[in-house]
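*Asks:* If you want the building blocks of each chain, they are given just below.
Protein chains: 2
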Amino acid sequence: MSEKFYIVPAERHNQLVREAYQHRGYSEDEAAQAARFSDLAAEHGIRTHNAIKALHLDHLFGSAAGGCTPGAEIVVKDSRFAASQIWDANKKLGQATAYAAVDKAIELADQYGIGQVSVDNAFHYLWGGGYVMEAAKRGYIAYTNCTAALAEVVPFMGKFPTLGTNPHSWGFPTTDAIGFPIVIDWATSVIAMGRVQQFQREGTQLPLNAAVDKDGQPTTDPNAVNALMPFGAHKGYGLSLINEIVGAFIGGSLPTIRSRQAPEGEKRTPAFYFQVIHPEAMSGGAFAMGRNQSENVKAVIDDILGHGNENCLLPGQLEAKWADRVKKAGGLLFSEAEVKAFNEIAVECGATPWDYINEFKVEA
Amino acid sequence: MSEKFYIVPAERHNQLVREAYQHRGYSEDEAAQAARFSDLAAEHGIRTHNAIKALHLDHLFGSAAGGCTPGAEIVVKDSRFAASQIWDANKKLGQATAYAAVDKAIELADQYGIGQVSVDNAFHYLWGGGYVMEAAKRGYIAYTNCTAALAEVVPFMGKFPTLGTNPHSWGFPTTDAIGFPIVIDWATSVIAMGRVQQFQREGTQLPLNAAVDKDGQPTTDPNAVNALMPFGAHKGYGLSLINEIVGAFIGGSLPTIRSRQAPEGEKRTPAFYFQVIHPEAMSGGAFAMGRNQSENVKAVIDDILGHGNENCLLPGQLEAKWADRVKKAGGLLFSEAEVKAFNEIAVECGATPWDYINEFKVEA
Numbered sequence: 001m002s003e004k005f006y007i008v009p010a011e012r013h014n015q016l017v018r019e020a021y022q023h024r025g026y027s028e029d030e031a032a033q034a035a036r037f038s039d040l041a042a043e044h045g046i047r048t049h050n051a052i053k054a055l056h057l058d059h060l061f062g063s064a065a066g067g068c069t070p071g072a073e074i075v076v077k078d079s080r081f082a083a084s085q086i087w088d089a090n091k092k093l094g095q096a097t098a099y100a101a102v103d104k105a106i107e108l109a110d111q112y113g114i115g116q117v118s119v120d121n122a123f124h125y126l127w128g129g130g131y132v133m134e135a136a137k138r139g140y141i142a143y144t145n146c147t148a149a150l151a152e153v154v155p156f157m158g159k160f161p162t163l164g165t166n167p168h169s170w171g172f173p174t175t176d177a178i179g180f181p182i183v184i185d186w187a188t189s190v191i192a193m194g195r196v197q198q199f200q201r202e203g204t205q206l207p208l209n210a211a212v213d214k215d216g217q218p219t220t221d222p223n224a225v226n227a228l229m230p231f232g233a234h235k236g237y238g239l240s241l242i243n244e245i246v247g248a249f250i251g252g253s254l255p256t257i258r259s260r261q262a263p264e265g266e267k268r269t270p271a272f273y274f275q276v277i278h279p280e281a282m283s284g285g286a287f288a289m290g291r292n293q294s295e296n297v298k299a300v301i302d303d304i305l306g307h308g309n310e311n312c313l314l315p316g317q318l319e320a321k322w323a324d325r326v327k328k329a330g331g332l333l334f335s336e337a338e339v340k341a342f343n344e345i346a347v348e349c350g351a352t353p354w355d356y357i358n359e360f361k362v363e364a
Numbered sequence: 001m002s003e004k005f006y007i008v009p010a011e012r013h014n015q016l017v018r019e020a021y022q023h024r025g026y027s028e029d030e031a032a033q034a035a036r037f038s039d040l041a042a043e044h045g046i047r048t049h050n051a052i053k054a055l056h057l058d059h060l061f062g063s064a065a066g067g068c069t070p071g072a073e074i075v076v077k078d079s080r081f082a083a084s085q086i087w088d089a090n091k092k093l094g095q096a097t098a099y100a101a102v103d104k105a106i107e108l109a110d111q112y113g114i115g116q117v118s119v120d121n122a123f124h125y126l127w128g129g130g131y132v133m134e135a136a137k138r139g140y141i142a143y144t145n146c147t148a149a150l151a152e153v154v155p156f157m158g159k160f161p162t163l164g165t166n167p168h169s170w171g172f173p174t175t176d177a178i179g180f181p182i183v184i185d186w187a188t189s190v191i192a193m194g195r196v197q198q199f200q201r202e203g204t205q206l207p208l209n210a211a212v213d214k215d216g217q218p219t220t221d222p223n224a225v226n227a228l229m230p231f232g233a234h235k236g237y238g239l240s241l242i243n244e245i246v247g248a249f250i251g252g253s254l255p256t257i258r259s260r261q262a263p264e265g266e267k268r269t270p271a272f273y274f275q276v277i278h279p280e281a282m283s284g285g286a287f288a289m290g291r292n293q294s295e296n297v298k299a300v301i302d303d304i305l306g307h308g309n310e311n312c313l314l315p316g317q318l319e320a321k322w323a324d325r326v327k328k329a330g331g332l333l334f335s336e337a338e339v340k341a342f343n344e345i346a347v348e349c350g351a352t353p354w355d356y357i358n359e360f361k362v363e364a
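Residue numbers (our numbering), protein chains in the order written: chain U, 1 to 364; chain L, 1 to 364.
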């Protein structure tokens, strides 16, 4: 089985994304950060969070809907804690805010071994794994979570959606050890809402315990779905809950009004949390068999994936494999439908559609 | 249905635990920390990690087996990172080490907003949830993970056990908001190995996708179990992997030799990681409807558990409910089999067995 992809040089992709964001009123720098992030997502095969999705979400919840303010300035709040910063993002573009927050957290980790940046009044940062992956590529352990734009998941044993599908994202600097950063980043629901729509189109049943109907009863009928269920019963519920609790400590308000209509005096903005650790700040320096830290990490991973486990994947491995394909192809890889969507974006913002694109086949 | 429990005053329980640890050569302070931790576990109904289990593990892997050294001194390693400490525990008693590490992380969080303590050459700290619960009761957000004493879990799609069942444990200071700290703490396997033994005794089948046989094939036959499977497929696998990767950065070595025979030059000790956050260090201070931080956390939790979700539980709620029972009973609650086990411990260390215990019924 093979799926056909088209090769789009990253510069051409990034130029279009920049133009699209600037057309919507974003500053040159914001547009550049949005393009950089879409490039990263596309490079790693994150098709659910590429530029098409980013611009679509901006239209639904962002600049066109008052959820995101082009040109907004981040305000750093006073804090008596040296390794911590608290920001009011003033609904600035999520990607620009998140990149800046990771940079600041890295700066704090360089000095204190660990640093955190909490962000109130944020707007959707798309793919959390991207930020921790970049930090990991720069040599740091990174973590982020954020509150959901929409409450789509019921608590374990619950009936009504009050939680998000949002992941926790961890990145580890394992490039020296195994060739790519380990990135752990997955939805806290069994499946994403996008999958439900896919099942509707295909007329197939959902897996068991993935969704509930309007009465809060589990259903496998994609047309009866009202909300999603957390993965791993109370365990995924606990993880999903953490995002909302962390958000509540930062300044986020009720999940059921987020990105929706909110009463006077209420808040409907998401919150972000970022944390970076310098790997030397947790190194005991006494590794077995004379290994250094990176060699030790490699030895542990080799042990985990040895003994008959050689076919197991590491989190982040598929993304790294996609990046290899992109490198080999000499450009980002998009499906025909995606190229079409990009060309619609080009028309929207008065940019030049992609007229000539090499064909590239990727085995599925 | 009701289960019969016996009321044991905490002081009497703690005295016996102290005597048992001192009988094994631990210092007065170590024995006191062990008693304090067993008291906390029993107070919250953590029957899998009470003093009986603690002393049993000490016998199997600890002071009787060279895994733990009574009277060991922790060495604080040099670090250029102000908010981070790295310790060599020299195989000191896990509970004493972990309590000290949490205290230090709190001290760092008071100053820097966030603090971390990484511990190499550690010994089993038992119930991670206990340490973060105590920190949460003191007003802090706390997190810990550790590497497993034994590799019992296969990676997702794997055949051979190279990972532990060890949890990640998060505690949140929500006592003002909802009456108890939220504590998220569960095994990264579908079930614990103790449950497999229970299924063997009862002659019942395991749930699907909970365990594999000697060929690495999924099995529901408790007698055919060779290893456990992670919960939530690749998601629980990712979480379980984090413990080993963090341990590898600190100084832990191969999971498959941990607590077992290790070749010359290898290490077989677990590693601990602790992190504490001061809640003010992540507060944006701009909560909706004039709420303060704690009121905001309460409002968010009320929203999550509203709208028809009123019967859902919060992580930590069952533990808090057990502590209420203990308070009402005026003593810790142990089953007849547990009291018998404690009296065997008393005989072992020459202490006075419990001669008179009030009966207390707890509805199951």
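Hints listed in this document are in silico derivations from the structure and should not be mistaken for laboratory results. Mixed in with the good hints, there may be bad ones.
If several chains are the same, the list does not tell them apart, and a pair holds so long as it fits within one copy or across any two.
As the list claims (entries may be wrong) - With a cut-off of at most 27 Å between alpha-carbon atoms, the simulated BS3-like pairs for lysine-lysine come out as follows:
| hint | residue 1 | residue 2 |
| --- | --- | --- |
| 1 | Lys137 | Lys340 |
| 2 | Lys77 | Lys298 |
| 3 | Lys298 | Lys91 |
| 4 | Lys214 | Lys91 |
| 5 | Lys327 | Lys104 |
| 6 | Lys321 | Lys77 |
| 7 | Lys214 | Lys137 |
| 8 | Lys104 | Lys91 |
| 9 | Lys328 | Lys298 |
| 10 | Lys340 | Lys91 |
| 11 | Lys321 | Lys91 |
| 12 | Lys4 | Lys214 |
| 13 | Lys77 | Lys91 |
| 14 | Lys267 | Lys298 |
| 15 | Lys328 | Lys53 |
| 16 | Lys137 | Lys104 |
| 17 | Lys77 | Lys53 |
*Asks:* Give a verdict on every hint.
*Replies:* Here is what the structure says about each hint:
Taking identical chains as interchangeable, the C-alpha atoms of Lys137 and Lys340 are never at most 27 Å apart, the minima being 32 Å within one chain and 55 Å between chains. Within a single copy, Lys77 and Lys298 get their C-alpha atoms only as close as 40 Å, which misses the 27 Å cut-off; across copies the closest is 24 Å, which meets it. Proximity of Lys298 and Lys91 under a CA criterion of 27 Å is satisfied inter-copy only: 24 Å between copies versus 41 Å inside one chain copy. When the C-alpha separation of Lys214 and Lys91 is checked against a cutoff of 27 Å, the pair qualifies neither within a copy, at 33 Å, nor between copies, at 54 Å.
Taking CA atoms no more than 27 Å apart as the test, Lys327 paired with Lys104 passes in neither setting, with 30 Å inside one copy and 46 Å between copies. With identical chains, the CA atoms of Lys321 and Lys77 are never at most 27 Å apart, being 41 Å at best within one copy and 39 Å at best between copies. For a Cα distance limit of 27 Å, the shortest separation of Lys214 from Lys137 qualifies neither inside one copy, at 44 Å, nor across copies, at 38 Å. Proximity of Lys104 to Lys91 under the C-alpha cut-off of 27 Å is restricted to the intra-copy arrangement: shortest distance 18 Å within a copy versus 37 Å between copies.
In this homomeric assembly, Lys328 and Lys298 come within 27 Å of each other (Cα to Cα) only inside a single copy, at 26 Å, whereas the closest approach across copies is 52 Å. When the C-alpha separation of Lys340 and Lys91 is checked against a cutoff of 27 Å, the pair qualifies neither within a copy, at 30 Å, nor between copies, at 62 Å. When the C-alpha separation of Lys321 and Lys91 is checked against a cutoff of 27 Å, the pair qualifies neither within a copy, at 34 Å, nor between copies, at 41 Å. For the homomeric pair Lys4 and Lys214, neither the shortest alpha-carbon distance inside one copy (39 Å) nor that between copies (41 Å) is at most 27 Å.
For the identical chains of this complex, Lys77 and Lys91 are intra-copy neighbours only, at 15 Å inside a copy versus 43 Å across copies, given an alpha-carbon limit of 27 Å. Taking the shortest alpha-carbon separations for Lys267 and Lys298, only the inter-copy value of 15 Å comes in at or below 27 Å, while the best intra-copy value is 46 Å. Taking the closest pair of Cα atoms, Lys328 and Lys53 come within 27 Å of each other only inside a single copy of the chain (25 Å); across copies the shortest separation is 55 Å, beyond that limit. Within a single copy, Lys137 and Lys104 get their C-alpha atoms as close as 16 Å, which meets the 27 Å cut-off; across copies the closest is 30 Å, which misses it.
For the homomeric pair Lys77 and Lys53, neither the shortest alpha-carbon distance inside one copy (31 Å) nor that between copies (48 Å) is at most 27 Å.
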